[in-house]
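First to last, the sequence lines map onto chains A and B. First residue of the first sequence? That's 1 in the working numbering, and the numbers climb one at a time after it. First residue of the second sequence? That's 1 in the working numbering, and the numbers climb one at a time after it.
Treat the hints as calculated values from the structure; they're not laboratory data. C-beta: ideal position from N, C-alpha, C; glycine also. Just so you know, not all the hints are guaranteed correct.
[Unchecked claim] Every beta carbon over 10 Å from chain B, so not counted as near; a handful from chain A, in silico:
id, residue
1, A33
2, T39
3, F54
4, L140
5, V163
6, H195
7, V345
8, F402
9, S480
10, T498
11, L501
[To be verified] In silico contact screen, one side only, chain A against chain B (beta carbon under 8 Å); selected entries:
id, residue
12, E28
13, P159
14, T349
15, Q393
16, L459
17, P462
[To be verified] Quick list of in silico lysine to aspartate or glutamate cross-link-like pairs, EDC-like style, CA-CA up to 20 Å:
id, chain 1, residue 1, chain 2, residue 2
18, B, K111, A, D253
19, B, K295, A, D247
20, B, K111, A, D81
Below are the chains, spelled out letter by letter.
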Amino acid sequence: MSGASSDASTLANPRELDLGLPVSYLAEGRSVASWLFTTDHKRIAILYALSITFFFFIGGAAATLVRLELFTPEGNIVGADTYNKLFSLHGIVMVWFFLIPSIPTTMGNFLLPLMIGARDLAFPKLNLISWYLNMAGGLLTLAAVLAGGIDTGWTFYVPYSTVFSNTFVTLAVLGVFVSGFSTIATGVNFIATVHYLRAPGMTWFRLPLFVWAMYTTSLIFVLATPVLALTLVLVIAERTFNLPIFDPARGGDPILFQHLFWFYSHPAVYIMILPAMGVISEVITCYARRRIFGYSFMVYALVAIAVIGFFTWGHHMFTSGMSPFAALVFSFLSFIVAVPSAIKVFNWTATLYRGQIGFESPMLYALGFLGLFTMGGLTGLFLASVPIDVHVQDTYFVVAHFHYIMVGASVSAYFAGLHFWWPKVTGRMYPESWARFAALLMFFGFNLTFFPQFIAGYLGMPRRYYTYPPEFQVWNVLSSSGAAVLAVAYLMPLGYLTWSLFFGGRALNDPWNATGLEWRTTSPPPRQNFFGNPQVLAPPYDYHPEATPPGDEPRIAEKGALT
Amino acid sequence: MLDALIPAFLRPESASVQAAKVDAIFIGLLLISSAIVLLVVGLVVTFAIRYRRGSSAKRGEMPTIVSREFEVGWTAATLFIFVFIFWWAASVEIGAFSPPKDAIEIHVVGKQWMWKTQGPSGTREINELHVPVGAPVRLLLTSQDVIHSFYVPAFRLKRDALPYQQTETWFQATKTGTYHLLCTEYCGTDHSRMVGRIIVMEPQDYAQWLTRQPERDGLAELGARLFSERGCSGCHNAGSKVHAPSLAGIWNQSVPLEGGRTATVDEAYVRDSILQPERDVVAGYEPIMPSYEGKLSDGEIQALTAYIRHGTDRFDLIGSLNLAPAQNICAPGQTPPESAPNQSLRSPAMVPGAPASGDTPP
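Isolated chain A (complex conformation) (with noise of 0.2 Å):
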């Protein structure tokens, strides 16, 4: 693959830069107002990034008090009402606010059209508006909860969140509901890129893997999120006009609003984990030096994960008294959508035969993922058993599985990728030791959070209880100290992220050696995002098909190869 610009590496040279080439786009225009009103992919990217880990730490201090809550049995730092406030805080906020939009909207924006050759989305107007529209959805949420609060937990189940919650529902719900529109208007603007933007010679199968996974997801937000939004408008006309939909006494059927939220709410969960593959297949590529093992089952694997996650969400609802032979349809699609990801796994896995491996933080947090999401996945195979569903069906044991796939893995690669692109998107190098740390310190903390809910759960402790039986104390001081060495090993990257932004060394075009289109221009890139127009001339990954020769690595500041 090779751009129009003959050394990508020399460009970085600031006596290069006087020739007269353009500047990157963080220097076209410094106001406030350059960026709210910019229709630049890569800056309505950093708006995302900024507003997401806001989010993400609103979020991250009301998981903090629930586990803080937990550490006894009994009642002692909050109230129940509150205690029930704070988990449907962190639920709603995670889920709609952070995960859904973490790399979607941040790496998706700024690399999906670098990575075809594009000079923007689309869309670019509408890319705008979806950022307006997120924030607008996020602060109608954070107002309710500065209102008061919502105590329904982020699933909204009827006729509690619609008759007897006396709380700020509504509001709550319009957020999501505004906040969907943003999903959509994204996915509908990579859709439309992915189909009409590809440079000359970037045919379907010479995409990279990070592009698939973009183009799948968005397929999920288009056909799923509108399901969502009329739920959603259902549960407020009930709720505030007194309409009856749902609420039983009034003939309405609560199983309904339980089939209609999962059939967006289980696709919502392969949201948050495609985009997360896509950022891993290009990481791992990149330090094993290594072609990835079966691009094309790779990318089956995403579009049948897609395709396939349509029809499972029945799982949720194993124990609501649905048929049993219905619950067997849909245990045996939650087998079957399994076979894929595990196919991903041995890919991945296979990747790194006969590589050159090295370990830098984005391998770590790479590696970290693959171990994350094969016992998250695994784990899920024990919920789509019907009889061990029963048992463990709203209990921790489903609480850590989830958060497996969606902390573990999901944010894993999110930081997997911040790391790699973090060269390409600033310009500046990020302090490597500190980074290593921080990812081994995560995966650590990560375990000792999570790995005892499955034994809690097992042994029998429901989900979202203020107050639980002691026997399960030890399960729960174990997590507890982990989510403390988890909330550090979080804070970290915002330390020295920060950091490197203004005092970290200037970043090669191409500090890791890698092959994407994206690397094949200034880090960071000009408004306009290549110098001449691309051309693609090979597949994606192009590293050492043959063999991997020894002395082939990533160019990394230490080694003293920075200009």
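We have chain A; now place chain B onto it with these hints.
Chain B only, in chain A's frame:
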């Protein structure tokens, strides 16, 4: 024997027939999963060491044919393993779906934030349920407000209690003792305090415990009284002038409906017929019955249902009301004591261990 693989403090209490089966699948899955984790982690670590940057390990080209064969191989292998686990779990589930015919019936009502249970002879408890060991127990659940979920970890048993609907499940305890009853569907402020105890007793102790309960009307007796008080009998009794179907002996029978459909008379059908009578009208009758939506509580509908199940013609209201419960309760597996003279007056379903449908009262 598989249990031995897991240290005792990691094993949840196991006290029902289903619990042993669930644990068997769980341990099987645990072994398979551990093997897969060991395989993946083992390979990653091996590769990471052997092919670390600058190591002298041989790195050659891989023929593409190997890649394809590997892909097809491990796709097929995973698919096979996953379908096998599915089949194993599904067979356990199907086998455990239908309760035995002679199960003791317990009605459970969840409300914010307590569990109310009612046993076969009308014994009512709050946040507690006494059951005999070894006897199958069928639970009929409903809720008065929001969705709750009835969870007994030691039995590996969980079923949601839905408002205005009835769900059911069953268990058979294998060990005496006291076990947690927990609510596992988030239901508001005191969700975590909506907890209780399941007390599994020896059959003799259970029979003794029953005798100590204050005498109460059974559910069907209550239903019989409601049947006349609420005016059901005005139309549905045999001698009535109003053209309404007789309810005698219709339980579990198939009835023809308007439009050529048929329905089986069960809890759901009776419930629907009381609340939405115009929906499934029996063939040959006019849709003249008014809806009792909002006029009957859930408990009253349960009572009416119980009455219809026992058979409106065969139910001896007077006889059963005059009966002291102690005289005719016998624990499962025991023969009724000879000294129980009024045995025949009691509906068979009132006796634990007797057939629930009670075809032939002597």
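Hint check results:
1. A33: 45 Å, holds
2. T39: 42 Å, holds
3. F54: 27 Å, holds
4. L140: Given that every Cβ of chain B is farther than 10 Å from that of A:L140, nearest at about 23 Å, it holds.
5. V163: 8 Å, violated
6. H195: 28 Å, holds
7. V345: The claim breaks: A:V345 does not keep its Cβ more than 10 Å from every Cβ of chain B (closest is about 6 Å).
8. F402: 15 Å, holds
9. S480: Given a closest Cβ separation of 17 Å, the condition holds.
10. T498: At about 30 Å from chain B, A:T498 clears the 10 Å cut-off, so the statement holds.
11. L501: 29 Å, holds
12. E28: 38 Å, violated
13. P159: Holds: closest Cβ of chain B sits about 6 Å from A:P159, inside 8 Å.
14. T349: With Cβ-Cβ at 5 Å, under 8 Å, it holds.
15. Q393: Because about 6 Å separates A:Q393 from the closest Cβ in chain B, which is inside the 8 Å limit, the hint holds.
16. L459: Because about 5 Å separates A:L459 from the closest Cβ in chain B, which is inside the 8 Å limit, the hint holds.
17. P462: 4 Å, holds
18. B:K111 x A:D253: Holds, at about 18 Å.
19. B:K295 x A:D247: 17 Å, holds
20. B:K111 x A:D81: 18 Å, holds
Taken one by one, the earlier hints fail for this structure at numbers 5, 7, 12, listed in ascending order.
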